[in-house]
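Undergrad: When you get a sec, could you build the whole thing from the sequences and use the hints?
Read top to bottom, the protein sequences are chains A and B.
Quick note: the first sequence uses the numbering used here, first residue 1, plus one each step.
Quick note: the second sequence uses the numbering used here, first residue 372, plus one each step.
Treat the hints loosely; a few may be bogus.
[Unchecked claim] For lysine-lysine, the following DSS-like pairs were computed, each having C-alpha atoms within a straight-line distance of at most 27 Å:
| # | chain 1 | residue 1 | chain 2 | residue 2 |
| --- | --- | --- | --- | --- |
| 1 | A | Lys353 | B | Lys376 |
| 2 | B | Lys614 | A | Lys10 |
| 3 | A | Lys353 | B | Lys497 |
| 4 | A | Lys352 | B | Lys499 |
| 5 | A | Lys125 | B | Lys499 |
| 6 | A | Lys353 | B | Lys614 |
Hints were generated in silico from the structure; no laboratory data involved.
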Amino acid sequence: MTLHMTKTQKVLRFMGNNTVPILFLIICAFGIPLSGYSANYLVSEVIVRIARNSFLIVSLLIPILAGMGLNFGMTLGAMAGQIGLIFISDWGIAGIPGMLLAMIISTPISIILGWWCGKILNMAKGREMVTSYIIGFFMNGIYQMIVLYGMGAIIPIRSNALVLPRGYGIRNTVNLIGIRKSLDNLLTVRLFGIPIPLVTFAVIALLCLFVLWFKKTKLGQDMRAVGQDMEVARAAGIRVEHTRIISIIISTVFAGYGMILYLQNIGTLNTYNSHMQIGMFSVAALLVGGATVAKANIRNVFLGVILFHLMFIVSPMAGKNLIGQAQLGEYFRVFVSYGVITISLVLYEVRKKRDRGLAGLVLAAEQEETV
Amino acid sequence: MTIEKLTSSVKGMVTSFGLPRVIIALFLLVLFILAPFVGVNVGTSLSDTLNRFGMNAVMVLAMVPMIHSGCGLNFGLPLGIIAGLLGATISLQVNIPGPTSFVLAILFATPFAVILGWGYGQLLNKVKGGEMMIATYVGFSSVAFMCIMWLLLPFSNPTMVWGYSGTGLRTTISVEGYYLHVLNDFLSIRLSDHLLIPTGMILFFALLAFIIWAFLHTKTGTAMTAVGSNPVFARASGINVDKIRTLSVVMSTWLGAMGILVYQQSFGFIQLYMGPFYMALPAVSAILIGGASVNKASILNVVVGTFLFQGIVTMTPSVMNSMIHTDMSEVIRIVVSNGMILYALTRKTEAVR
Chain A
1 MTLHMTKTQK VLRFMGNNTV PILFLIICAF GIPLSGYSAN YLVSEVIVRI ARNSFLIVSL
61 LIPILAGMGL NFGMTLGAMA GQIGLIFISD WGIAGIPGML LAMIISTPIS IILGWWCGKI
121 LNMAKGREMV TSYIIGFFMN GIYQMIVLYG MGAIIPIRSN ALVLPRGYGI RNTVNLIGIR
181 KSLDNLLTVR LFGIPIPLVT FAVIALLCLF VLWFKKTKLG QDMRAVGQDM EVARAAGIRV
241 EHTRIISIII STVFAGYGMI LYLQNIGTLN TYNSHMQIGM FSVAALLVGG ATVAKANIRN
301 VFLGVILFHL MFIVSPMAGK NLIGQAQLGE YFRVFVSYGV ITISLVLYEV RKKRDRGLAG
361 LVLAAEQEET V
Chain B
372 MTIEKLTSSV KGMVTSFGLP RVIIALFLLV LFILAPFVGV NVGTSLSDTL NRFGMNAVMV
432 LAMVPMIHSG CGLNFGLPLG IIAGLLGATI SLQVNIPGPT SFVLAILFAT PFAVILGWGY
492 GQLLNKVKGG EMMIATYVGF SSVAFMCIMW LLLPFSNPTM VWGYSGTGLR TTISVEGYYL
552 HVLNDFLSIR LSDHLLIPTG MILFFALLAF IIWAFLHTKT GTAMTAVGSN PVFARASGIN
612 VDKIRTLSVV MSTWLGAMGI LVYQQSFGFI QLYMGPFYMA LPAVSAILIG GASVNKASIL
672 NVVVGTFLFQ GIVTMTPSVM NSMIHTDMSE VIRIVVSNGM ILYALTRKTE AVR
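TA: The following block contains the structure:
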């Protein structure tokens with residue numbers, strides 16, 4: 001039995017549930033004509049960014065299913081992926097074999113980091129997001145210690161192109177010429193003059209299918225149960241802590257692969273910066289797609305990538321044409337990224353309260369009918 | 372028997388103080404002991420530590436009211452810092468040189484801190500239970516928003532705006548000629564060639580700390596503690612929970628504004644744009660190192676924590692550098708400060724809310 005709503009209430013509710021995507025549609029609708037870019041250019045840019053980013057964003061889905069919120073700890077996986085890439089660049093293994101090897105190297109590192117991260121998040125139930133966010137910062141310190149001081153000194157790295165002139169530590173930027181676009185260029189089709197990297201899209205499609213399939217498995221259902229209510233799940237005999245750790249491990253491993261995919265498209269690795277921004281951008285894109293802290297699906301991922309990156313491409317030019325300063329557009333898009341996350345988090349908390357009130361109303365309506 | 376007693380009492384002390392804090396305190400002690408052997412002057416180090424203590428203590432103090440009212444760690448400190456930056460830039464725009472400019476900066480910063488803090492408090496009242504994550508992002512987005520504003524606001528003092536275009540504030544603005552070292556030099560005591568005590572700055576902190584301490588012992592202050600420890604009980608005893616929480620947020624924001632002004636007068640520069648971005652994390656970890664938890668903090672925690680944290684920040688580069696000729700201090704700072712926050716977030720007893 002549902003509560004009867006008038007049409008305006010329904011529209012208002014739809015608007016309320018989709019505030020962020022609607023807001024973004026409006027920003028893009030103003031920004032696109034202001035930037036003066038051609039439709040062809042915009043479409044090809046957006047396709048590049050879908051190929052580049054969606055794998056990373058899909059990796060966020062499984063912890064949300066398990067009720068652990070947005071996994072800001074995905075930076076851990078990104079670090080593991082980068083370590084894999086540093087090794088294959090040192091060994092000079094190029095192309096698809098290089099990428100595969102980097103993935104293989106990253107996997108055990110991701111599993112260990114994900115397990116550790118999951119353990120800590122189990123100790124901080126109820127504030128997983130802020131904890132995973134701080135874990136990202138903490139591990140960044142350890143990552144710097146290993147890459148900046150350990151590599152070349154303790155961990156053997158031979159290539160002079162990688163090691164700093166002082167003899168140890170990895171350079172600020174690593175040129176990934178060996179694997180640059182090796183997956184994207186494997187098979188491309190031109191549609192209206194726009195190149196489409198088919199293999200990359202196939203890989204992303206496979207991952208999406210995996211996530212859809214995973215949700216239907218026993219483990220996936222367990223995760224959903226844990227996400228709904230930990231105590232009920234525990235009473236039903238589900239190993240809650242164990243399930244939560246597995247969800248974080250899966251997310252971290254995928255984030256590692258996603259980072260490798262992302263960097264093969266970009267072609268250069270900013271050793272000490274790449275992983276820090278990726279968490280924020282992925283989370284923001286997912287939220288722009290209409291996901292919330294408690295609910296996200298594949299549709300949100302793609303809608304999010306398209307809208308968020310459209311704004312990203314358009315805003316510097318729009319800022320320049322509007323006020324005469326490209327810098328302004330740059331700051332604007334940073335502001336919008338953080339603003340979107342803020343608004344989504346606030347709306348989520350407010351909505352949680354409102355839904356609790358609505359549940360009460362539904363209950364009251366039901367009782368009235370039975371009387 | 373006595374040895375057993377001793378070990379058990381030591382163990383009790385360690386558990387009550389928290390293992391990470393003991394480790395950090397011992398680490399700092401070892402650094403101070405090692406310093407003379409590797410050729411680092413203890414006097415200079417001590418005076419640097421004191422100086423940095425004074426610079427940062429007020430920002431750490433800004434954590435106290437919000438922790439007391441149960442709003443958690445104030446990751447939204449950048450908002451307060453922005454109020455301070457607005458006060459500082461407007462004071463420079465008014466262009467009255469000398470110590471007066473510092474008083475003006477405080478006066479101009481206050482209304483911004485109150486208004487921003489009030490709005491921030493209203494927002495946090497709507498999201499009880501999820502304050503910390505939202506506070507973080509309120510801080511971030513306000514910094515990003517002000518980046519746009521620093522470019523657009525009509526400031527015109529030539530010491531502040533970009534030389535070639537004449538508009539848009541510079542990323543760093545010198546406060547020389549305005550309020551550089553006004554607190555540092557006030558009654559400062561020179562003990563030796565290397566040891567200088569910035570009395571004025573420490574007195575200013577002591578004054579603010581005393582005000583907060585006294586406030587927490589008034590009727591409203593007690594109500595704030597009650598709201599923090601048990602909101603339901605507080606409501607039952609007739610306290611307006613939302614109002615008290617908003618008041619605590621306004622206080623924290625104002626202290627954040629004062630904190631950045633004290634920092635600037637010693638540092639010598641106003642840092643705009645992305646400058647305040649990560650300033651919350653050191654302050655948060657400092658108060659946690661001092662023995663505070665997510666919902667309990669005292670002035671003593673502020674003093675001890677700031678001293679320990681800033682001690683490590685000052686001592687590690689110099690001692691490490693002369694010992695192994697590599698500067699690993701940045702890494703140590705990241706690991707120590709974030710490790711401390713992680714430790715506090717994962718304590719079971721504190722995970723009640």
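Undergrad: Need the status of pair Lys353/A, Lys497/B: alpha-carbon distance at most 27 Å?
TA: holds (9 Å)
Undergrad: If you draw a straight line from the CA of Lys353/A to the CA of Lys614/B, is it 27 Å or shorter?
TA: holds (19 Å)
Undergrad: If you draw a straight line from the CA of Lys614/B to the CA of Lys10/A, is it 27 Å or shorter?
TA: Since the Cα atoms of Lys614/B and Lys10/A sit roughly 34 Å apart, the hinted pair is violated (cutoff 27 Å).
Undergrad: Check whether the Cα positions of Lys353/A and Lys376/B lie no farther apart than 27 Å.
TA: violated (52 Å)
Undergrad: Holds or violated: Lys352/A and Lys499/B, Cα atoms, limit 27 Å.
TA: holds (11 Å)
Undergrad: Below or equal to 27 Å on CA atoms is what counts here, so check Lys125/A against Lys499/B.
TA: Cα-Cα ~16 Å, so holds.
Hints 1 and 2, counting from the list given before, are not met by this structure.
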